[in-house]
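These protein sequences, in sequence, are chains D and L.
Here this note's numbering is used: position 249 in the first sequence is 249, and no number is missing along the way.
Here this note's numbering is used: position 580 in the second sequence is 580, and no number is missing along the way.
Because the hints were derived from the structure by calculation, they are not lab data.
Hints are supplied without guarantee of correctness; some may be wrong.
Said to hold, decoys possible - Rough simulated footprint, nothing fancy, chain D against chain L, three-plus residues with beta-carbon under 8 Å:
{"id": "1", "segment": "214 to 223"}
{"id": "2", "segment": "238 to 251"}
{"id": "3", "segment": "354 to 361"}
{"id": "4", "segment": "396 to 405"}
To be verified - Pulled a few chain D residues facing chain L out of the computed Cβ check, cut under 7 Å:
{"id": "5", "residue": "TYR255"}
{"id": "6", "residue": "ASN359"}
{"id": "7", "residue": "GLU409"}
{"id": "8", "residue": "LEU412"}
None of the values given here were measured: they were computed from a predicted structure.
Backbone N, C-alpha and C define an ideal beta-carbon position, used for all residues, glycine too.
Listed below are the residues making up each chain.
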Amino acid sequence: MAAAMPLALVVLLLLGPGGPALAEPPRDSLREELVITPLPSGDVAATFQFRTRWDSELQRKGDTDHYFLRYAVLPREVVCTENLTPWKKLLPCSSKAGLSVLLKADRLFHTSYHSQAVHIRPVCRNTRCTSISWELRQTLSVVFDAFITGQGKKDWSLFRMFSRTLTEPCPLASESRVYVDITNYSQDNETLEVNPPPTTTYQDVILGTRRTYAVYDLLDRAMINNSRNLNLQLKWKKPPENEAPLVPFLHAQRYVSGYGLQKGELSTLLYNTHPYRAFPVLLLDSVPWYLRLYVHTLTITSKGKENKPSYIHYQPAQDRLQPHLLEMLIQLPANSVTKVSIQFERALLKWTEYTPDPNHGFYVSPSVLSALVPSMVAAKPVDWEESPLFNTLFPVSDGSSYFVRLYTEPLLVNLPTPDFSMPYNVICLTCTVVAVCYGSFYNLLTRTFHIEEPSTGGLAKRLANLIRRARGVPPL
Amino acid sequence: MRPGARVPGTGSAGGRGFPGLAGASRGLSCPSWRREKAPGPPRPAMGLLSDPVRRRALARLVLRLNAPLCVLSYVAGIAWFLALAFPPLTQRTYMSENAMGSTMVEEQFVGGDRARSFARDFAAHRRKSGALPVAWLERTMRSVGLEVYTQSFSRKLPFPDETHERYMVSGTNVYGILRAPRAASTESLVFTVPCGSDSTNSQAVGLLLALAAHFRGQIYWAKDIIFLVTEHDLLGTEAWLEAYHDVNVTGMQSSPLQGRAGAIQAAVALELSSDVVTSLDVAVEGLNGQLPNLDLLNLFQTFCQKGGLLCTLQGKLQPQDWTSLDGPLQGLQTLLLMVLQQASGRPHGPHGLFLRYRVEALTLRGINSFRQYKYDLVAVGKALEGMFRKLNHLLERLHQSFFLYLLPALSRFVSIGLYMPATGFLLLVLGLKALELWMQLHEAGVGLDAGGRPGPSAPLPPAQGVGLASLVAPLLVSQAMGLALYVLPVLGQHVATQHFPVGEAEAVVLTLLAIYVAGLALPHNTHRVVSTQTPDRGWMALKLVALIYLALQLGCIALTNFSLGFLLAATMVPAATLTEPHGPRPLYAALLVLTSPAATLLGSLFLWRELQEAPLSIAEGWQLFLAALAQGVLEHYTYGALLFPLLALGLYPCWLLFWNVLFWK
Numbered sequence: 001m002a003a004a005m006p007l008a009l010v011v012l013l014l015l016g017p018g019g020p021a022l023a024e025p026p027r028d029s030l031r032e033e034l035v036i037t038p039l040p041s042g043d044v045a046a047t048f049q050f051r052t053r054w055d056s057e058l059q060r061k062g063d064t065d066h067y068f069l070r071y072a073v074l075p076r077e078v079v080c081t082e083n084l085t086p087w088k089k090l091l092p093c094s095s096k097a098g099l100s101v102l103l104k105a106d107r108l109f110h111t112s113y114h115s116q117a118v119h120i121r122p123v124c125r126n127t128r129c130t131s132i133s134w135e136l137r138q139t140l141s142v143v144f145d146a147f148i149t150g151q152g153k154k155d156w157s158l159f160r161m162f163s164r165t166l167t168e169p170c171p172l173a174s175e176s177r178v179y180v181d182i183t184n185y186s187q188d189n190e191t192l193e194v195n196p197p198p199t200t201t202y203q204d205v206i207l208g209t210r211r212t213y214a215v216y217d218l219l220d221r222a223m224i225n226n227s228r229n230l231n232l233q234l235k236w237k238k239p240p241e242n243e244a245p246l247v248p249f250l251h252a253q254r255y256v257s258g259y260g261l262q263k264g265e266l267s268t269l270l271y272n273t274h275p276y277r278a279f280p281v282l283l284l285d286s287v288p289w290y291l292r293l294y295v296h297t298l299t300i301t302s303k304g305k306e307n308k309p310s311y312i313h314y315q316p317a318q319d320r321l322q323p324h325l326l327e328m329l330i331q332l333p334a335n336s337v338t339k340v341s342i343q344f345e346r347a348l349l350k351w352t353e354y355t356p357d358p359n360h361g362f363y364v365s366p367s368v369l370s371a372l373v374p375s376m377v378a379a380k381p382v383d384w385e386e387s388p389l390f391n392t393l394f395p396v397s398d399g400s401s402y403f404v405r406l407y408t409e410p411l412l413v414n415l416p417t418p419d420f421s422m423p424y425n426v427i428c429l430t431c432t433v434v435a436v437c438y439g440s441f442y443n444l445l446t447r448t449f450h451i452e453e454p455s456t457g458g459l460a461k462r463l464a465n466l467i468r469r470a471r472g473v474p475p476l
Numbered sequence: 001m002r003p004g005a006r007v008p009g010t011g012s013a014g015g016r017g018f019p020g021l022a023g024a025s026r027g028l029s030c031p032s033w034r035r036e037k038a039p040g041p042p043r044p045a046m047g048l049l050s051d052p053v054r055r056r057a058l059a060r061l062v063l064r065l066n067a068p069l070c071v072l073s074y075v076a077g078i079a080w081f082l083a084l085a086f087p088p089l090t091q092r093t094y095m096s097e098n099a100m101g102s103t104m105v106e107e108q109f110v111g112g113d114r115a116r117s118f119a120r121d122f123a124a125h126r127r128k129s130g131a132l133p134v135a136w137l138e139r140t141m142r143s144v145g146l147e148v149y150t151q152s153f154s155r156k157l158p159f160p161d162e163t164h165e166r167y168m169v170s171g172t173n174v175y176g177i178l179r180a181p182r183a184a185s186t187e188s189l190v191f192t193v194p195c196g197s198d199s200t201n202s203q204a205v206g207l208l209l210a211l212a213a214h215f216r217g218q219i220y221w222a223k224d225i226i227f228l229v230t231e232h233d234l235l236g237t238e239a240w241l242e243a244y245h246d247v248n249v250t251g252m253q254s255s256p257l258q259g260r261a262g263a264i265q266a267a268v269a270l271e272l273s274s275d276v277v278t279s280l281d282v283a284v285e286g287l288n289g290q291l292p293n294l295d296l297l298n299l300f301q302t303f304c305q306k307g308g309l310l311c312t313l314q315g316k317l318q319p320q321d322w323t324s325l326d327g328p329l330q331g332l333q334t335l336l337l338m339v340l341q342q343a344s345g346r347p348h349g350p351h352g353l354f355l356r357y358r359v360e361a362l363t364l365r366g367i368n369s370f371r372q373y374k375y376d377l378v379a380v381g382k383a384l385e386g387m388f389r390k391l392n393h394l395l396e397r398l399h400q401s402f403f404l405y406l407l408p409a410l411s412r413f414v415s416i417g418l419y420m421p422a423t424g425f426l427l428l429v430l431g432l433k434a435l436e437l438w439m440q441l442h443e444a445g446v447g448l449d450a451g452g453r454p455g456p457s458a459p460l461p462p463a464q465g466v467g468l469a470s471l472v473a474p475l476l477v478s479q480a481m482g483l484a485l486y487v488l489p490v491l492g493q494h495v496a497t498q499h500f501p502v503g504e505a506e507a508v509v510l511t512l513l514a515i516y517v518a519g520l521a522l523p524h525n526t527h528r529v530v531s532t533q534t535p536d537r538g539w540m541a542l543k544l545v546a547l548i549y550l551a552l553q554l555g556c557i558a559l560t561n562f563s564l565g566f567l568l569a570a571t572m573v574p575a576a577t578l579t580e581p582h583g584p585r586p587l588y589a590a591l592l593v594l595t596s597p598a599a600t601l602l603g604s605l606f607l608w609r610e611l612q613e614a615p616l617s618i619a620e621g622w623q624l625f626l627a628a629l630a631q632g633v634l635e636h637y638t639y640g641a642l643l644f645p646l647l648a649l650g651l652y653p654c655w656l657l658f659w660n661v662l663f664w665k
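For reference, chain D alone in the conformation it holds in the complex (with noise of 0.2 Å):
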């Protein structure tokens, strides 16, 4: 399953345009979206999209510096609300009006999914790309867990997600908009009723599938001025049976294999449930150095063969200095699992380098799988201003195929720990032993045996001596 990585901090500064640019995009533009998607299992995913645009001179390279690109990853970290109010300030409208009324910390963290997410980019403002705009991309999404949250009722409004209703738009927002998802999952006409009726209705293909949304334009004055406020209710027409949900076509799972404290073994299965496509893959790993990787025994396997990846990069780890880094382009053979796996052994840190809680284990940071996915829908391409923010998180390149980054989970090693009340035992153990074997040994080692007679008359003799040393005479 692409599982979901709890907080990625990725600040990606790419060239060039995101798409065909615009000629001269309004300055400090905002626009703002919500995506509501029921899902058949009753849950429902809310996916905000916040888009901030303003034209500013910063200095900017003419080409990508490749020197410059970071990768970094907290994989311990979980997101809670501390990450939650500075995201909120950097809206517009801060939590005070528009769709960002509903990001209410409470509501936000009593779901099963939560991922947030901060992209800042240049964009090109002319097709010649002599001035650039920027811009700050926030998204949040959510699950909504029905079995959590919804009691097991399987019907959503958004005060039943967010406690909170929306009332007004933003004033500050050019755009703001909220789509659902009421693609048909069974062939007869409606499963799903939306109330109130949308006015207008959207299709696209979105992640190679054709799906229809209605559309909420919270700057049509007529959506809120009716009640004051608008409280978009989901009901199932005929619940949907409890059934698997649809596998998406590439999904990954990661995990440790073996068991003790010396070796161990990441494996990674990629799974292409495409019924007859074959697509490339670029896995990124990187490794904590701790994890002393043996790369001779890097084996990918599909369907029982040997799968040669079509190029590989390796960059070995430093002690202390830099993590493994291994990146591999490999083919997934239509319907096929591979599974890549890599053996390694666990380092033994010095004993200041364990974290406080050394028995919890050491994570190992996602795997990230970027593909371009073959969709089963021919998509048309877009243009990227006209169309819905939410289009443009899995971008589609040439209408076959649309890009997917999927990060598996992160994985929780444990390494051979000390116990760390045993120091002081162990200094006294080792200082009495060493004192007693060396004392002993270096005493047989530097002295001559010779065997004495008993000595006669001990206590007569002894004093007779301490008499002659006290005359300064030779004892006896």
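Knowing the structure of chain D, use the given hints to seat chain L on it.
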């Protein structure tokens, strides 16, 4: 370090060889006032061993007092062990893990009816299909909101298992994962229910499903929870664990797992076959005597007390009064039961297999006896809910408390520092005896210079006099017997079934016994092979080697599995020490046979049933003994239990050496 006359010789040789070095070093080591009277009396403290006079005195002491010292040491060892159940040596258990100690948990599980209806449905479907109702389980788990996967496995046992009536085993495990909200599936807990052919465990499955439904509605989970129902009880668990960790230890064939949930932090197994229980029994002993961290047991005990549940250990009630004699005596029985269980090295429940993967685990068994007061599933469910909620709080793996302990009661334990001296004393007997033999051997070589004038003039280097060559044959032959005992029964079962009217399992057990007994006939064959020099020296050398071998083995065993080490030491040490070709040979032979590993197993079975207050008759005991032999071999092949190879390749050959000594001519 050799006593007597030899060391002075070498010592002076060394001194002669490097006079400068010795002199210089001595100059460094001794202050000047000391050097002036250098050839003075030997220094009192450090020179105990380097001083030949004192060493001779010590040697004489050891020789003269050897027998009383041995007896004293043995008695001290046994007495120490028996004293383990008494308060100065047992301590109260206490929770060491902060994450589980101070946090309050309120149990809210009320799904007793739901659990019962799940259990009824499960039992009905199981009766209908005759195997684990996989489809029903999948459907039900999915309906309570879990992510459900199945795993099929198959295993051909080395020979038919007559106790469980299985040979070609194939089955399916079903497991559902409750994903912790907003977490990245790095850690998980396991709740497992084994479903075997003999134990249906329907109520446990019902409770598992009801708990899963309840857990699914909560938002506080930080770790994923895996609800696992295994078929063919422990075989299924082993298959699942191997697949989860992507290893193959036992030759199990299984399909790879589709869903995983990170590193498993702890596991709880439940066995429950009635709607009401009178008590909950907890099992801790795992494969090869491994034990879970004591904190897990403390956790269980906490919730027993909180919920007012009656909890037992080894099926024994907990003594309340530790000040009088009754409490500790009852504790001693529990302790002995635990020692026997642990020594057997077999997993005492499905939890035992988790321990290999460093997953702390225990098994809870619901017991329904004739007691008046009964608890329903809600009470059990609440205890489990509480345990899982506290395990959910864990920041690190359970590591704070003890991993090596003995339990005289649920609330009392003996730590490793306190029980180890018992084995230490027993092994000391072997050491003392070996020392005595070594000295006797030496003096036999030197001849009659009993305290006369030892020194550099010792005529014969004793090491050659021992005649190590004469030991090679008995050592090799006994090891070969051990190897045959390990390999032949399973390898030759088909040959045996063709020529004798027995089944495979019977054939294995009978071959095992036959080879074992054939080993006893061995000395009469080997002693002619052995080139004899002086007869006394031959057996003494052999016995010396055997004693050291035994001491080393028992020492190593006691470090990893104290119970097994102690049990073997307590039985084998006296016979091993006494055995010699002179004196009352039939008596020695009887003693040696009675304390051989197989006899120890038989005796342990009787003791075990006696302690469980279900004494065995001789015939039953014999049947149980045969079954235990077959189980021991099977468990080695199916789960990787090490008792069988240990006995066959290690202790049995060693014991044969003593048998060899006894019949030395």
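_chain L contact restraint on LEU412/D - CB to CB distance below 7 Å_ = For LEU412/D, the interface hint holds, since the closest Cβ of chain L sits about 4 Å away, which is under 7 Å.
_Does the closest beta carbon of chain L sit nearer than 7 Å to the beta carbon of TYR255/D?_
5 Å, holds
*asked:* Hint GLU409/D vs chain L: min CB-CB distance below 7 Å?
replied: 5 Å, holds
_Hint validation: ASN359/D versus chain L, beta carbon distance must be below 7 Å. Holds or violated?_
4 Å, holds
*For the segment 238 to 251 of chain L, do three or more residues have a beta carbon lying closer than 8 Å to a beta carbon of chain D?*
holds (count 3)
*Residue count check for the segment 354 to 361 of chain L against chain D: does it reach three with CB-CB under 8 Å?*
holds (count 3)
*Counting residues of the segment 214 to 223 of chain L whose CB is closer than 8 Å to a CB in chain D, do you get three or more?*
holds (count 4)
*In terms of beta carbon proximity below 8 Å, does the segment 396 to 405 of chain L have 3 or more residues touching chain D?*
holds (count 3)
When each numbered hint is compared with the structure, no violation occurs for any of them.
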